[in-house]
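Colleague: Residue-level listing of the chains:
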Amino acid sequence: MDFRLTEDQRALRRGVRELLDRSFGRDALRAAVERGSLDRELWRELGAAGFFALRLPEEAGGVGLGLPEAVLLFEEAGRALLPGPLIATHLAAGEVPGAAEGAAVVTAVDPSGFVEWLTEADTVRGEAGSAVPVRSVDPLTPLHRVPGAGGARPDPDRPDRADPADWADRADPADPADPAAREAREAQEAQEASLLTAAEQLGSAARTTELAVAHARTREQFGQPIGAFQAVKHLCAQMLVRTELARAAVYAAAVTADPVEIAGARLLADEAATLCARDCLQVHGGMGFTWEADVHLHLKRAWVRAERGLSGAAAEELVAARL
Amino acid sequence: MELAYTEEEEEFRARLREWLAAALPGLPPKPDPLDWPARRAYDCGWQRRLYDAGYGHVHWDASPTQRLIFLEETERAGAPYVGANFVGLLHAGPTIAAEGTPAQRERWLEPVLRGDEVWCQGFSEPEAGSDLAALRTRAVRDGDAYVVTGQKIWTSHAEAADWCELLVRTDPDAPRHRGISWLAMPMDAPGITVRPLRTLAGSTEFAEMFLDEVRVPVANRVGEENDGWRVTMVTLSFERGTAFVGEVVACRRVLGELARTARKNGTWDDPVLRRRLGRLGAEFQALWRLTQWNVSEAQASGGVPGTGGSVFKLRYSHARQELYDAAAAVLGPEALDLGREWNQDRLSSLSYTIAAGTSQIQQNIVAERILGLPKGR
Numbered sequence: 001m002d003f004r005l006t007e008d009q010r011a012l013r014r015g016v017r018e019l020l021d022r023s024f025g026r027d028a029l030r031a032a033v034e035r036g037s038l039d040r041e042l043w044r045e046l047g048a049a050g051f052f053a054l055r056l057p058e059e060a061g062g063v064g065l066g067l068p069e070a071v072l073l074f075e076e077a078g079r080a081l082l083p084g085p086l087i088a089t090h091l092a093a094g095e096v097p098g099a100a101e102g103a104a105v106v107t108a109v110d111p112s113g114f115v116e117w118l119t120e121a122d123t124v125r126g127e128a129g130s131a132v133p134v135r136s137v138d139p140l141t142p143l144h145r146v147p148g149a150g151g152a153r154p155d156p157d158r159p160d161r162a163d164p165a166d167w168a169d170r171a172d173p174a175d176p177a178d179p180a181a182r183e184a185r186e187a188q189e190a191q192e193a194s195l196l197t198a199a200e201q202l203g204s205a206a207r208t209t210e211l212a213v214a215h216a217r218t219r220e221q222f223g224q225p226i227g228a229f230q231a232v233k234h235l236c237a238q239m240l241v242r243t244e245l246a247r248a249a250v251y252a253a254a255v256t257a258d259p260v261e262i263a264g265a266r267l268l269a270d271e272a273a274t275l276c277a278r279d280c281l282q283v284h285g286g287m288g289f290t291w292e293a294d295v296h297l298h299l300k301r302a303w304v305r306a307e308r309g310l311s312g313a314a315a316e317e318l319v320a321a322r323l
Numbered sequence: 001m002e003l004a005y006t007e008e009e010e011e012f013r014a015r016l017r018e019w020l021a022a023a024l025p026g027l028p029p030k031p032d033p034l035d036w037p038a039r040r041a042y043d044c045g046w047q048r049r050l051y052d053a054g055y056g057h058v059h060w061d062a063s064p065t066q067r068l069i070f071l072e073e074t075e076r077a078g079a080p081y082v083g084a085n086f087v088g089l090l091h092a093g094p095t096i097a098a099e100g101t102p103a104q105r106e107r108w109l110e111p112v113l114r115g116d117e118v119w120c121q122g123f124s125e126p127e128a129g130s131d132l133a134a135l136r137t138r139a140v141r142d143g144d145a146y147v148v149t150g151q152k153i154w155t156s157h158a159e160a161a162d163w164c165e166l167l168v169r170t171d172p173d174a175p176r177h178r179g180i181s182w183l184a185m186p187m188d189a190p191g192i193t194v195r196p197l198r199t200l201a202g203s204t205e206f207a208e209m210f211l212d213e214v215r216v217p218v219a220n221r222v223g224e225e226n227d228g229w230r231v232t233m234v235t236l237s238f239e240r241g242t243a244f245v246g247e248v249v250a251c252r253r254v255l256g257e258l259a260r261t262a263r264k265n266g267t268w269d270d271p272v273l274r275r276r277l278g279r280l281g282a283e284f285q286a287l288w289r290l291t292q293w294n295v296s297e298a299q300a301s302g303g304v305p306g307t308g309g310s311v312f313k314l315r316y317s318h319a320r321q322e323l324y325d326a327a328a329a330v331l332g333p334e335a336l337d338l339g340r341e342w343n344q345d346r347l348s349s350l351s352y353t354i355a356a357g358t359s360q361i362q363q364n365i366v367a368e369r370i371l372g373l374p375k376g377r
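Chains as they are written, first to last, in full-length UniProt numbering: chain L, 1 to 323; chain D, 1 to 377.
Hints are computed from structural coordinates only; laboratory data are not their basis.
Yeah, the Cβ is synthetic: ideal placement off N, Cα and C, and Gly gets one too.
Some hints here could point you the wrong way.
Said to hold, decoys possible - Cβ-Cβ distance ranges computed for the label pairs, FRET-style: (1) D:210 to L:321: 39 to 47 angstroms; (2) D:6 to L:119: 46 to 54 angstroms; (3) L:178 to D:9: 44 to 52 angstroms; (4) D:29 to L:224: 55 to 63 angstroms; (5) L:25 to D:230: 40 to 48 angstroms.
What the hints assert, rightly or not - Listed below are several chain L residues computed to face chain D (Cβ distance under 7 angstroms; list not exhaustive): (6) 64; (7) 67; (8) 68; (9) 213; (10) 228; (11) 234; (12) 271.
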């Protein structure tokens, strides 16, 4: 048994990190926040690098790798705060034309009733006909919600207006009309989406831990780096503990692809991402509360991801059922 | 990244499983926790059987993965854990194996493996608990012996031990981390007084130990004189790295029993409690995966566990307490009855965030050694 990353996996992770440093570094991230729209050129670049086609067989033009490698990829995406409906497009590769190459942007209606990046998407999977825009908490994840779908409850204070846009022409032609077939596909994709979301959360947790530690080493107060104070040290240590526990869970779930293991990994990764972002903000002090620091972007994205698909309560029930 | 075992590893597992199935039915009943001679006999008897079957060495010589399988299978089968042999098998033994001379390995390892000799740990002192480098017990060289005077506390298994892994100060003028040496002290030497301490669980797991001019041969020093701190770090990395592997397996079994009990007594219908158990399920599953990760790292680095052990110990010690708090919630008022299973364990679990370095010390270690944060003043 050797649970560590293989040399190939390490190389893959290095390669993706370099690609994202080059193509979506901090300046690009801040520019994206200001712009608010999806960078199609970057999307095609990701496609060319195999981001979406990673798990397609080589004879279908893909890279032929598996879930563990996809998890490493999405971990890096989470670190870099890469925007866009990455998971929906990755899952649609091989089914929706252009998705694998990064030529098409694919989004999907989440079981929670939310749709990410609806107006930018070329193809929408699921029923988004009555979607209404929402002021998204994350400046880099535009959201719509489909009234009555999934977890979205009608809000008596905000009667839903029909959206002027009609999304029907962007429906996925490959979407099975048969409800049973559609359900089966959705169940399978929900598993994978949960795992890849957990991977993004893991990347974000690792990144905010690094940001907090870097700040604690250099920021001086009372004549010494704040990282020399136990109170700050302990915050940082707890961040690492949460992150590494989530890492073991997420990597193992990628190897076993077991639904209960995925649920558990998701639970720990959601928690690691949201709590690490909070602690990172705390370590940054007043600067952490400003728009200029990146911490809030990690926290807000972590919140958005945590609402995707499997809820914490449902995950706990799933794990409990197997005890 | 894989979690599959090799063919040889699976064969090892199958043979072990078969042997356990045959060996366990003949095991005598568990002794009274307060009866140390009986506990010693029971634990050493089991170790002897493991030795005779070729499994006595498993904590040192086997590959980390084989050790993992061993702990998994023995726990699954309900076999006894190391018990009174904890220090010998998991602390002193691995340290002598890693740092001892050939003669020292010859003298001390075999009796531990055969279940003939029991070790205790003489590290902590009243003024030096988690701040181990503050220890003051003095050892003054007199010919071919050290003359040791001082006091130790939290000396685990002292009542039953033949040997003590003892930390002493051999150079009082050196900086506090230098000037320390690691000695193997025979517990029958004149000048040793052991006074058992009663834990809050009512048992006598550890003791105070008073040392009054105890003569320990210089030949019993493991590692160089004044190099005991480094030797100790080897010991502690074993303690934090892999000494808890068997217990994670045990906690996962307890969680399963908890769920069964909850389903039987109706508490399972409470969604808050049910979800709490689910949360713990995810947590212990992840701790098990983290163990496998650490074992893989240890395997790659030649067997000595790395700093991943501190990360593990920090989360595990708290999760264990949460597990037994959940057990109390499942039991309801029965949680007040010490005759019920789990309630003793709940009390014992309170020591986990203190022993082997408090959680606060562990957090300093993680922050300074892994994250590279500056030392405080």
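Colleague: In ascending order, which of the hints set out earlier in this document are inconsistent with the structure?
Modeller: Those not satisfied are hints 1, 6, 7, 12.
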